[in-house]
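One letter stands for each residue in the lines below.
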Amino acid sequence: MSTKKLRRAGEYVIEKLLTVSGAVTGLTMLTITVFLFKEGAGLFRSPSVEKGYALYVHAENPVERLSVNEIKGIFDGEITVWNALSSDYPHAEIVPYRIEDIFQRYSESELGEDYALLPDKLAEVIRETSGIIAFLPQQYAPTGMTGVKTLPSQDIRPADFFGGTSWMPTATPAPLFGVLPLILGTLFVSIVAILIALPLGLSVAIFLSELAGTRTRKWMKPAIELLAGIPSVVYGFFGLVVLVPLVQRAFALPVGETAFTGSLILAIMALPTIITVAEDAMRNTPRELREASLALGAGHWQTIRKVIIPYASSGISAAVVLGIGRAIGETMAVLMVTGNAAVMPHSLFESVRTIPATIAAELGEAPAGGAHYQALFVLGCVLFLLTLLISVSAEWMAGKQSSKIL
Amino acid sequence: MIEAKDIDFYYGSFHALKHINMRIAAQSVTALIGPSGCGKSTFLRLFNRMNDLIPEARLTGKCLVGGEDIYGAHVQVDDLRRRIGMVFQRPNPFPKSIFENVAYGLRVNGMGDRRFIADRVEESLRAAALWEEVKDKLKKSALALSGGQQQRLCIARALAVQPTVLLMDEPASALDPISTMKIEDLIFHLRSTYTIVIVTHNMQQASRVSDHTGFFMLGELVEYSETRKMFTNPEKTETQNYITGRFG
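First to last, the sequence lines map onto chains A and B. Residue numbering for the first sequence follows my numbering, beginning at 110 and increasing consecutively. Residue numbering for the second sequence follows my numbering, beginning at -7 and increasing consecutively.
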């Protein structure tokens, strides 16, 4: 075989390999996304009450369905009479009942071998108490017995999930998966982080690209790039040891683990990316355009403002997207410094919990396949859509900027 | 009008211009010719201090424009560059609209209100023989124009700030013959108003458009005389060899 033929064969093989690796990468991405959404979608088909359990009431109780929040209110003792829920319901006291309450009436031996008599005894309790609502394992359920009504199980509703203001995934009988505090926590931390990082990063980029001498740039640029490579847990450690006490003292707060602390550490982490990408974009402005501007009598600053920054705008917006992406998706450092209270945030100086931190902190404890587990996958989807939305809109703005005639 | 006195110029240790003395007459066209790397562009860029941007460049000697030492301590470089316009080798319009390209120099120099700017833009585009072609699409991107139109736009942009001198660095070398012809026509029309110095590789172009020609070689000004004389009866044999195409 001639060398030419051999080379062609080699090129053919390489071409195919490249195609295959492209296809594999694409498929992997697709699989991950599909998996994420498939697992998450299961949440809205699981019952709002803990799996394997059900709620039972007295047969004459007209109650038909209860929302997650009503169930929680009842078992937390916040709702104490039935007609507080609806005027159609009796004016009777609500008696929340859990399986362990049975031991107040019967000893273990009275319940028989393997609790065989338990369903009968439970039914008895329900028949006797008109205002009862019992949260019981279906295994011992007094189903089908006279005087007992099973409340129909309801699926978790997307409205409760996306509109809910409490995230209590381990609450019984009905866990609350209200994702708003987490979304707000994420947005609080990320937006403030970007508001800090962006002006700072762009100033440094302008300084490095336009004002700094060759020597300054020569050591500063690699130093900044090095910062981008520090593992986030190290940043988190720094945040915990340095920033948390600093914030606590500076703002005279009871605790230093706040949304603002998270924003600070995220801003520090996003800076290297923003600086590097924006500086590259500005330095890529063709020399011809700079010279054209200067030759018309424009000053250095006018040239930066009117020629270089507009020219670099698409690169600058790429820097912004990368920065925001880093801020929204960052897990470890934020987990370490924000205090992780999953409550609706009211100010920057409160403890918050972000979506990635929630997933990282809770996935280990959530039983696989359960509602909590699935809820964490939905959080993953929310995060995915959030970053997607941001990159698409930034892309769109950059496109508009470059097609717009300045 | 323009005068170079004992100019020596260095890029680091490279001696790019060697002891150049030259007087350039006002309201005329002076062509600078010579082989690549002979220093003619470097020389041209001395007069709007474009070489200031190059680190490790060093200049000795005096550059006078209208009697003023343009490297003097009191000189405002921005103001100098407004008075001495430049057209570059490759058309380099800003990625802005046609209108904004021409208005740019006025805006950065803080000249005039909207009405004034609009008038001046039209005037400049007319002077650059581009008005008829672009008057209906002033808001369109300048990058959509052809190469020749872009170069005339760059000339209009330079004219808008009313310079007295126009430095042209091979303004037609990136253009097709018809566009080149239009640029040459334009230079011919502008000569009565401006002092034009043009660097060119094209000897025919130099002979067509210029009143005086300077021939540079290896950083030296070999010969400088009236264009007609230079191209018919050059004094030096190097000049003779170059313009007859024996090298370069």
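Fair warning: there could be bad hints in the mix.
Below, simulated DSS-like cross-link-like pairs (lysine-lysine); rule was C-alpha separation at most 30 Å, straight line [to be verified]:
id, chain 1, residue 1, chain 2, residue 2
1, A, K114, A, K258
2, B, K88, B, K129
3, B, K127, B, K174
4, B, K(-3), B, K221
5, A, K147, A, K181
6, B, K132, B, K88
7, B, K174, B, K88
8, A, K415, B, K129
9, B, K131, A, K415
10, A, K147, A, K160
11, B, K10, A, K415
12, B, K174, B, K131
13, B, K54, B, K88
14, A, K415, B, K127
15, A, K415, B, K228
Worth flagging that the hints you see were computed from the coordinates, not collected in a lab.
Here is how each hint holds up against the structure:
1. A/K114 <-> A/K258: 82 Å, violated
2. B/K88 <-> B/K129: 12 Å, holds
3. B/K127 <-> B/K174: The given pair, whose Cα atoms are some 18 Å apart, holds under the 30 Å limit.
4. B/K(-3) <-> B/K221: The hint holds at about 24 Å.
5. A/K147 <-> A/K181: It holds: about 28 Å lies between the C-alpha atoms, which stays within 30 Å.
6. B/K132 <-> B/K88: 8 Å, holds
7. B/K174 <-> B/K88: OK: B/K174 and B/K88 at ~24 Å, within 30 Å.
8. A/K415 <-> B/K129: Satisfied, since the Cα-Cα distance of roughly 22 Å is no more than 30 Å.
9. B/K131 <-> A/K415: Holds: B/K131 and A/K415 sit about 17 Å apart, inside 30 Å.
10. A/K147 <-> A/K160: 19 Å, holds
11. B/K10 <-> A/K415: 38 Å, violated
12. B/K174 <-> B/K131: Roughly 24 Å separates the two Cα atoms, so the pair holds.
13. B/K54 <-> B/K88: Violated, at roughly 37 Å.
14. A/K415 <-> B/K127: The hint holds at about 24 Å.
15. A/K415 <-> B/K228: Violated, at roughly 48 Å.
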